[in-house]
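**Student:** Residue strings, one per chain:
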Amino acid sequence: MSKYPKIIKKLFWVLLIAYPALSAELPVGRPPLPAEIAAWDIDVRPDGTGLPPGQGSVKLGEALFLERCAACHGEFGEGAGKFPELAGGIGSLRQDRPFKTVGSYWPNSTTAFDYIRRAMPFGQAQSLEPDQIYALVAFILNLNDVVAEDFVASQANLAKVKMPNESGFYDDDRDATERGFWVAAPCMTACKPEAKITGRASAVDVTPESKTAPKME
Amino acid sequence: MSNSSAPRTLPIARRALVAAAATSFAGAARAATPDPAIVNLPDWSQSLGDGVQAHPYGVPSPFEKNVVRRDVEWLTAGQQSSVNFTPLHALDGTITPNGLCFERHHGGVAAVDPDRHRLMIHGMVAKPVVLTMQDLKRLPRINRIYFLECAANSGMEWRGAQLNGVQFTHGMIHNVQYTGVSLRTVLEAIGIDPRAKWVMAEGADAAGLNRSIPLAKMMDDCMLAFAMNGEALRPEQGYPLRLVVPGWQGNMWVKWLRRLKIGDAPWETREETSKYTDLMPDGRARRSTFVMDAKSVITSPSPQTETAPKGRMVISGIAWSGRGAVSRVDVSLDGGRNWQAARLDGTADPLSLTRFYADIDWNGQELLLQSRAQDSSGYVQPSKADLRKIRGVNSIYHNNGIQTWLLRADGQCENVEVS
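For the protein sequence lines, the chains are X and U, in the order given. When the letters of the first sequence are read in order and numbered with our numbering, they come out as residues 8 to 224. When the letters of the second sequence are read in order and numbered with our numbering, they come out as residues 49 to 467.
Don't take every hint at face value.
Unchecked claim - Chain X regions said to be covered by chain U (calculated; three or more residues, Cβ under 8 Å):
| id | segment |
| --- | --- |
| 1 | 62-73 |
| 2 | 163-177 |
| 3 | 203-213 |
Hints listed in this document are in silico derivations from the structure and should not be mistaken for laboratory results. Where a beta carbon is used, it is the ideal one built from N, C-alpha and C, also for glycine.
Here chain X stands alone, though its shape is the one from the complex:
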């Protein structure tokens, strides 16, 4: 054997010790237990995947809503103060002042389940049982005249509810419909005949003070 390979061999071992090759496996972490997945796996998809077993009526939903939601959202989902409205506005989306609610705008009823389950009541998140959430969704849908008063929402039927605006959405098409904003050489001189002031923020006068330190909570 020549001397060379020995040196190379030595070098190889030195390199290996200093900088071992990393495996493609994730070198950290562990598999979650089924109970751990179940504890966090609360999401619901538009086809109803993820809905838990259970059911709830409009009637039960109304009682719950008055108790746990109406202080912020109003007795009829009309919204108290600046809290969001949950009902009304169907057919208003083309108007100058569109009114977007669960009934007038949301494409899926299941999204209401997913959202209420994770985020409402505001400040007491994840405190509702599945049956209660079904009832609340049923009530909100009824406030919007999407389902009848005797409707009972359930794991089996919620995804089948037809929402008024379910075909009201389309994928981002800016690349095509705003193609005109891609310009090889932007205009540099005499780009328009005149530039006249057409509006001023000072006329609206809604800007907060910013020359003094803000008040502390």
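Since the structure of chain X is provided, determine the placement of chain U on it from the hints.
**Tutor:** What follows is chain U alone, placed relative to chain X:
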């Protein structure tokens, strides 16, 4: 192009304003009486200042006390589902200081104990995994600078000039260096099902905020970040773990990230249907408008800055694009009739914010200041009028129209709109 390092005076300004500038400049340079700031010794030159540990965590000079995030009280019902704004008028360079990065929460700032925080990745994967923060810090690390813009930035300006300050019109943006782990590293190692197309990201806050993100984007350049500008994430920015989704709307950068679920279709969550969809004039709405279009704004002078003196002036601003790097910024002094290339100085990296300058001599006549960005894809920031022609005024999100500041003869700026 405009990347030269030496400051240049805008030729247009020189032509228009040079005569008056010469006189005002020379006059201002002479003093009649000695300056008390020079001839009277100040306190700080005689008595000792604070010792080293006066502020174990440093704070800005008390003279900068007004440089703070601010909110618009009438905008929201309360502070827990609300927003405040970065004081862009008072910042320079390209990096946003951690304490000034705007905040937007849907259930307040979660006070997460990092030892009790977990990230679960499951769904359509061969090997679902739970990771602790310590686990994440044992994976290969990267550093990247990205802007984060809320899709609703400038959303209050769709119907016309409304808020008199760049902090309020454009302050839902920050630009930060993130340290963390490339998501590709993690996802490749756990065996993604070839049929998988989407990932749902979910926060551990009281809103449990959830968004669907295309798997291809996750594999391309998304990050699991635990540090910003060299230190741990701030609580209001998602401590201890935030998803970084470069160039895409801020709402997708889920804070307090606890879960990634791999699936074959979008979840159509409340945040991607009720919110963050863009209502068009025909009553239908665009969805999945993730990319933030190229945009720029002059931050100084602007309505909140000090009264501008006549003579030499630095016009300074920021520009960014979710489609690549900012390739040029032009500045107009006459409301968009004529333009000159501004000088870019600072990083002009893809998907991160860059700084531009235009140095002019101002003779005190009214100016209508505008800036216009172009990015490496060729996209040119449109006028507000051109944007409204397509989008109407009810889409809330993605208002990247050209901003106009009126610089009045008294040296103050106003937010205006021009024809």
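**Student:** Hints first: check each against the structure and report whether it holds.
**Tutor:** Do the hints match the structure? See the list:
1. 62-73: As far as the segment 62-73 of chain X goes, the hint is violated, because 0 residues have Cβ atoms under 8 Å from chain U.
2. 163-177: holds (count 3)
3. 203-213: holds (count 9)
In summary, the one numbered hint that this structure violates is 1.
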